[in-house]
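**Student:** Residue numbers (the working numbering), protein chains in the order written: chain A, 1 to 672; chain B, 673 to 1044.
Quick caveat, the hints were computed from the structure, so don't treat them as lab data. Take the hints with a grain of salt, since some may be wrong.
Claimed, not checked - A partial selection of chain A residues facing chain B, derived with a Cβ cut-off under 8 Å:
1) TYR11
2) HIS14
3) PHE15
4) VAL19
5) LEU20
6) LEU29
7) LEU33
8) ILE38
9) TYR44
10) ALA48
11) VAL251
12) GLY458
13) SER462
Ideal Cβ placement from N, Cα and C applies to all residues, glycine included.
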Amino acid sequence: MIGGHDGFIEYRTHFRWAVLLVLLAFSVLALRLFQVQIVDGKKYETLAMVSHVVRNRIQPARGSILDREGSVLATDVEVSDLALVPHYVREPAVEIARLKDLGVLTGDEAAKVLETITQAKTDKKKRFHRLTVKKNLVGSRCPDDLTAMNFDPATSRLVCPKCGGTQLDQRAVVQSHLHELPGISLQSRMVRWYPARGLTSHAVGFVNEVSASEVERSERRLRAGDVVGRSGIERALDDSLRGVPGEDVFVRSAGGRRVETHDLPDPFRDLVSTPPIAGKDVTLTIDVNLQQAAATALARYRSGAVVALDADTGEVLAMVSHPTFEAGRRIVPGAGANAKPVPPVTTPPSLDPKNYAPMMNKAVEAYPPGSTFKILTTIAALMEGLAAEDLEMNCPGFYMFRGHKFRCFKHYGHGDIALVDAISKSCDVYFYILGEQLGIDTLAHWARDVFGVGEPTGIEISERAGLIPTERWYLRRRHQYQPGFALNTSVGQGDVRATPLAMARAYAAVVNGGRLMRPHLVRNIHDPVTGADTSVAPEVQRQIEVPEEFLDLVKRGMFGAVNTEDGTASSTALPELPFAGKTGTAQARERRPGAGPEMSAWLQQDHAWFVGYGPAKRPRLVVAAFVEHGGFGGAEAAPVARKVFEAYYAAHADEFSDLWQGFEEDVLEVVR
Amino acid sequence: MIGRDTHPFSRAVWTTSVALVVIVILGLVNLSNAASYTGESFHQTQVIWVVLGLLIAAAVAAIDMRFFEQLSPVFYGGAVLLLILVLLFGREINFSRRWFSLGDISIQPSEFAKPAVVLMLARFFHGERNPESYTLRMLLPALGYVAVPAALIMMQPDLGTSLVVIAVGFSVMFFEGIRLRSFLALLGIILLLVPLAWELDVIQPYQKERVRTWLSMSGAGPETRNDADTRMQPEQALWAVGSGGALGRGGQQAVQSRLRYLPEMHNDYILASFAEERGFVGCVALLGVYLALIYSMLVLAIRARERFAVLVSVGATAIVFWQVVFNMGMVLGIFPVVGLTLPFLSYGGSSMISGMIAVGLTLNAGIHRGQV
C-alpha cells in the first residue's frame, strides 16, 4: 500500500528500482564478504600470521673441549661490541668524550668515531644503521688471551694472573654508564676461545663462519653467522658440539612491540618458543702436560710431529704438529696495551713458521718411515719362517741385487750380524735380504693388512692413509715392477708412506700382546642437558696372532737400539727407567718451487724418526717422534721422544716405582 | 484506511527506529571492543554523540517539514560558506583541511553539506511543475547545487565525501525521474571529467596511489613502487576481515586490531575490526540491519504525501546507503581507498549527527506524512 496521492504515482516504479539497487549492492557486499571470510579466510589468516609472527633463532652454546684432566682447550666466551645508532646519539661530542674519559676509547679512536657519527647523521638512511664502534669488550678477561682476570680492590683494576697486565673492565664501565650515553649500546656475541692457544690446535681444530653456499646446501640446518668446525675435533664432532638452536617465537605488533603468543587467541597461541639445547662437552684423551713436553721438545726444529699413545687402550695422550697456529687469533681481540704475547713454542727467529705448513697436522700426514718400518719386516720374516733369532748375515756395507748396489747406511758394514743386533744397529743389508726373500706383496700384507700401516687408523679426525706399495700398485701406477722395489720397501724407503700415528699404533700392537687398537682422541662426551656421560671404550680392531717369542725378539732389538752402546739411539738412553724403540732415517729429498737456498738445503735432508715405547719392561706409552728433514733419527727424533717419556715417567712415577731397581740386570740380560 | 493514515507511527517508523537503535548499540559495543585493543576510551565520548544525535533526530522528526523547505537555501548557503571557511581556516590534519577546531572537539562541515544538498535539491524539484520534461538545461541548477559543495569538498581534499555528495545528488535526480537520455549524457560528462581530473591533478597524488594500489591488489594493475606503504592499510584490513572466518574470533579477540595493524580501526576501518570479531555471520547480520533501516526509510519516503518530503527522504536514505556501500566496499577491497565513515558505527560526532539528521528527516516524512 504505497502513498495515497495520485500525483506521485511515478515514484512507485522508481521505488522498485531503488529497492532493487539496494538489494543488488548489498548482495555484492555479502558475496564479497563470503569470498573474503569463508572462501579465502584461511589464506588471509595465514598471511596475517606469517607477516606478524617473528621467529628468532637462539644460538645454543657450543660445547667445550677439555683435556683428559679437565683443562679447557676450547670454549665459548661472551664478548661485547660497543655499538651506536647515530640518530639517537644526542650529543656526540659529549658522549664520545665521556667514553674517552672512562678509558673505553683512546684519543684516536674517539676522534675517528666522532667523525663517523657526524657524517652518518647527515645521511637520511645511514643515521639509523647500527655502527660497531669498538669490538670485543671482553669484560673481566685479559684482552690478550681471555684468561679470567682477578679484581684488585686496592687499585680497583683487574689483574691478569698470566701476563700480569692490569685492565679496566670496559664492559662493566660502559654498562654502568649507559644511562648517560643515549644511542650507545653493548651487543654481545659468543666467540670461540682456545685457552691452550697453539698447543692443541691440530687435535682440537678450529671453527669459523659458514659460507653462503654451505648455508644453501645445509637445507635450513645452518644460517649465516653460524660457526662450524673446520678441522680436528671441532669438525669431527661438530654435530655433538654444536647443539640444537632454539627458537624465540613472538608476534610483532604494528608498533614493533613484542606480544607473547599465549596472550593471543588461536592459532597464534599454538606457536611456542623452544629453548636452545646446549652442545655437548667433549673430553679428549690428550694430556696437556705431555702435549706441552712434546711441543717443547720439537720446538728447536723447523717441522715435525709427535704422537703419544696409551699402548693398551689406543688413547692419544699427545698429538703435536710443529709449527702450530693459534686458532683463536682471528676472533680473539687484538692484544691490549699491556699484553705481552708469549708464544707457547719458540722457533728459531730466522725461520718463519708460515713456511712450514703450520695448519697441516703432521701427526696424521704420511711420510716415508725409513728404518722404523724394519720392525714390521722382521715380524713378517719371522712369521713366514724366513728368519730366526740365530739367523746371521754378513753385511759388507752394501748388497748387490741384480746388478744394483743397495747400500747400508753404515758404509764399511756391520760384518756378521744376527737378528736382534740387526734391529738395534739398523743394518740395512740384513733387511734387504729379508725383503728379497719375502717379496713385496707378502711384506705389504703384514704391514698393511696385519699392522694397519698404509690404511686409515680410524681416529676421529681426518688423516692420511699412507701407502704400502704392492706389485700391482707399481704396475698400475708406474707401469713397471722390479723385484728391487721389495728391498726398498723392507727398509721403509721407496714408495712406502706412513703416518706417525699409524706407526705408533703398530708399535703399540707389538708391545701390548698383539692388539691393534683404534686410536682415539675422544674420551668422554658429556651432555649438559641430561647430565649423561658417554665414555669411549677402547676398541680392538684386530688381534694379531704373533708368538710371544717373536715379539720378544723384536723388543730386545728395540731395547738394544736405545740401551746398548752400539744402538742407533744409544745417546738418548734413560738408564733410570729405560725406554726402547727403533730409529728411522728416511731419505726424502724434495724440491719445492720458489724455495730459497737455505730452504732447499733443508729439503735435501733425511726425515728423522723414532718410534718407541716405555718403560721397556712394562710398556705403557708408545711415542712416535718425527722431525721433517731433521737428519739422523737417533740424533734428532729420539731425544724428542725421550723428553716425552721423561714427562710421562715424572707424572706416573708411583706406578713405576718397582721398575727403578734392577734396570742394570735388564741391560746385562740383553747384552749378554 | 483513514484510521491508518492518521496514525502517526506506522510500522515503517518503528522499523526505522528499531534498526537505528540496534545499529547504534552494535556500534557502541564494537567501539568499546576496539577501544580495548588500544586502551583508549573513544566509546565513552561516542555515547555522548549518540545521545546528542538521537535528540537531534527526534527534534528533526518533530519539526514541521515546511520549516526545512523554507530554510533549505539558508542551510545550503550556510553549508557552502562553512566549506569555504574550512578551506581557509580549517585545521590541517594529514595534509587535508576538513575540520574546524572548537576547543576539544572538531567539526567536519562536509558531513553537514550532505543533508543540506538533499534539502536544496528537494526544494528545487518541488518547485518544478513539469516533471515529464527534465531536459539537461533544466537540470543545470540542480547540477550546480551538487557540483559546488562536491568541488569544495574535493578541494579539502576529501574524495570520499565528495563522491557521496555526487551519488546522493544523482539518487535524488534519478528518483525524481530524469530522462534516460539526460542521465546517459550526465554519465558521459562525468566519465570524461574523471580522466581530466586525473590529468589536471584535481585528484591528489596520494589518491592516485590508492587507486593504483587497489588495481595491483586486485591483480589488475602492475605492482607499484611504494606498494609496501600504501598497501599496508587495505591489505591489513582485508587480512582482518578474512581472519574472522565464518564465526569470528569473538569479542576483544581480534588479533589484527589487537596488534594495531589496523590504523583508523575505530574510524573508517571499524568494519574490519567488527568482521574479525564477529565473522561472516555477524557481518551478514549487520548488513541485514542496514538493509532493514534503508528499506524502511525508502518506504517512509514513498509514503510521504508531499513531493518535497519524498525527495528529502530519498536523499536522506541515499546518504546512508551510499556511505554504507562505499565504506564497506573500500574495506572489502571492492573500491580503492576513500576516506569515509560507516554510518553509526564509526567513531565521530559530525558523522553521527549528520546520519541522525538524515534519519530524522525520513522519520519526519513518515510521521507527518509530508504535510506541508
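**Student:** All hints, please: hold or fail.
**Tutor:** These are the hints, each one checked on the structure:
| no. | hint | in the structure |
| --- | --- | --- |
| 1 | TYR11 | holds, 6 Å |
| 2 | HIS14 | holds, 5 Å |
| 3 | PHE15 | holds, 5 Å |
| 4 | VAL19 | holds, 6 Å |
| 5 | LEU20 | violated, 11 Å |
| 6 | LEU29 | holds, 5 Å |
| 7 | LEU33 | holds, 5 Å |
| 8 | ILE38 | holds, 6 Å |
| 9 | TYR44 | holds, 3 Å |
| 10 | ALA48 | holds, 4 Å |
| 11 | VAL251 | holds, 6 Å |
| 12 | GLY458 | violated, 57 Å |
| 13 | SER462 | violated, 49 Å |
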